[in-house]
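Asks: Here is how the chains run, residue by residue.
Number of protein chains: 2
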Amino acid sequence: MVVITNYFLEHPREHIQLPFFVELCNTTKSSISEDLDIIDAVFQKQGCGYLHRTTGAGGGVKFIPVLSDEKSLAFIQSLCRKLEDPERILPGGYLYMSDILGDPGMVRQIGHIFASRFSSLEIDTVVTVATKGIPLAYAVAAYLNVPVVIVRRDPKVTEGPSVSINYVSGSSRKIQTMVLPKRSLQEGSRVCIIDDFMKAGGTIQGMMNLLAEFHAEVQAIGVLAEADDEEDERIVTDYTSLVKITNLDMAKQIIDVQPGNIF
Amino acid sequence: MVVITNYFLEHPREHIQLPFFVELCNTTKSSISEDLDIIDAVFQKQGCGYLHRTTGAGGGVKFIPVLSDEKSLAFIQSLCRKLEDPERILPGGYLYMSDILGDPGMVRQIGHIFASRFSSLEIDTVVTVATKGIPLAYAVAAYLNVPVVIVRRDPKVTEGPSVSINYVSGSSRKIQTMVLPKRSLQEGSRVCIIDDFMKAGGTIQGMMNLLAEFHAEVQAIGVLAEADDEEDERIVTDYTSLVKITNLDMAKQIIDVQPGNIF
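If you're matching them up, the sequences are chains A and B in order. When you number the first sequence by full-length UniProt numbering, it's gap-free, plus one each residue, and the end is 263. When you number the second sequence by full-length UniProt numbering, it's gap-free, plus one each residue, and the end is 263.
Among the clues, some could well be false.
Note that the list lumps identical chains together, so a pair holds whenever it fits in one copy or between two copies.
[To be verified] Taking lysine-lysine pairs in the DSSO-like style, the calculated list, with each CA pair at most 27 angstroms apart, reads:
#1 Lys182 to Lys82
#2 Lys62 to Lys45
#3 Lys29 to Lys45
#4 Lys244 to Lys29
#5 Lys182 to Lys62
#6 Lys252 to Lys182
#7 Lys174 to Lys29
#8 Lys71 to Lys174
#9 Lys252 to Lys62
#10 Lys182 to Lys45
#11 Lys244 to Lys174
These aren't lab readings, by the way, just hints derived from the structure by calculation.
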């Protein structure tokens with residue numbers, strides 16, 4: 001049971017045929033089947049996912065790591081309280097979040113929540129832009145069992161031929177460049193965009209334009225935090241946010257953070 | 001047993017007192033104790049770690065995720081075969097590795113191997129430099145249960161006061177800048193540096209100089225791949241590499257990759 005649990009947790013969303021476990025554990029098919037029932041029940045009770053079983057030829061089992069709404073909401077609420085510290089306020093209406101983005105445990109939880117929300121979508125790649133969105137993108141991708149592709153703002157010599165676009169940053173109105181190496185993303189991929197922070201949405205719009213060059217289909221957009229002071233000017237509307245900064249008063253050093261549009 | 005296994009895997013190197021499990025599983029201390037014996041035996045047999053138990057007041061148990069040498073070597077050898085594809089050769093003696101660094105499963109394995117090697121060291125932070133080392137740094141940090149700090153090559157407005165240094169890139173001999181926000185790293189931290197690729201070592205030397213400004217102690221340096229053609233000019237000598245590019249002939253499109261100095 002320990003062996004199987006371990007295997008599932010390290011291989012989420014991987015289709016596994018029962019004979020694999022029979023050999024791994026050196027036991028019988030019916031014993032494995034009983035173990036799977038128990039593991040499924042425990043995962044569901046813990047609110048961390050479930051086992052999806054299929055029968056017939058090629059049938060098997062897959063661990064779907066869906067975090068319960070209850071656990072997700074509790075985490076998001078504790079995150080809001082953490083972010084409401086006035087010492088986090090930075091010039092330009094930004095928020096210091098590097099400590100949270102630097103904590104592998106927090107990052108993993110955030111990834112689990114996004115992956116749960118996007119669980120029913122057909123996603124084959126997670127795309128993010130350097131730098132802060134990278135750990136979040138990997139956390140989501142690990143739970144979805146798909147690769148990550150990183151869009152850069154500066155071309156590097158070490159990645160071969162690239163496609164680049166120019167875009168207008170929504171808040172600063174500056175023209176910037178984004179680059180993606182040609183061989184890093186297959187044409188027609190179904191992608192999920194992940195980033196740490198969204199104001200007007202210029203960066204995400206830029207990513208969408210770049211992805212259009214690869215004929216990619218954007219299935220979902222997830223941002224950890226959104227600032228709602230620029231809601232009127234927002235150019236990206238179909239996204240999922242975990243938290244929303246509803247009030248940020250630099251002069252009075254007041255900041256309010258609420259759960260985002262995920263619930 | 002499933003609950004406990006799950007908890008350990010999601011909380012490596014976390015000190016857990018037995019009453020926590022007694023409550024979590026709604027059972028007795030002696031039953032937990034038996035379960036821990038079984039789990040420890042399975043983890044060891046699987047070569048993925050062991051349970052470290054301490055007795056007395058404040059005693060408890062900790063999951064130490066040490067990958068066996070056998071598993072580490074098998075992974076490294078398969079990685080070498082993957083990297084020896086001539087299509088990976090890029091101008092300047094670089095190697096295309098974005099597909100490997102974009103695969104969360106591969107990245108996790110690499111992190112597990114470094115964390116196993118550095119398991120006995122006292123490390124309280126993993127430091128890397130943007131961009132490619134970031135996923136590896138998070139994977140190592142997750143197994144070591146410590147935070148990640150990211151050094152940037154460009155200062156950002158969103159992180160507050162920073163310390164910056166200039167350094168000479170070993171291979172290109174250009175002067176570059178590195179920046180670390182002041183509040184991201186405590187003075188006197190004991191750190192482990194992780195990066196994806198090392199040629200002469202200028203970038204890592206730059207990180208060491210920047211970390212010296214924070215009075216940090218560098219306990220270990222881990223690089224995924226090293227190029228040994230510049231061994232004479234190497235300015236960093238005390239490091240651990242997983243693979244070594246021993247021969248790269250652009251004209252003949254030949255590339256040889258061997259296990260690094262980790263074994």
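Asks: State for each hint whether it applies.
Replies: Taking the hints in turn, this is what the structure says about them:
no.: 1; hint: Lys182 to Lys82; verdict: between (40 angstroms within a copy, 20 angstroms between copies)
no.: 2; hint: Lys62 to Lys45; verdict: both (17 angstroms within a copy, 24 angstroms between copies)
no.: 3; hint: Lys29 to Lys45; verdict: both (24 angstroms within a copy, 22 angstroms between copies)
no.: 4; hint: Lys244 to Lys29; verdict: neither (49 angstroms within a copy, 43 angstroms between copies)
no.: 5; hint: Lys182 to Lys62; verdict: neither (32 angstroms within a copy, 45 angstroms between copies)
no.: 6; hint: Lys252 to Lys182; verdict: between (48 angstroms within a copy, 24 angstroms between copies)
no.: 7; hint: Lys174 to Lys29; verdict: neither (62 angstroms within a copy, 62 angstroms between copies)
no.: 8; hint: Lys71 to Lys174; verdict: neither (40 angstroms within a copy, 50 angstroms between copies)
no.: 9; hint: Lys252 to Lys62; verdict: neither (51 angstroms within a copy, 45 angstroms between copies)
no.: 10; hint: Lys182 to Lys45; verdict: neither (44 angstroms within a copy, 43 angstroms between copies)
no.: 11; hint: Lys244 to Lys174; verdict: within (24 angstroms within a copy, 42 angstroms between copies)
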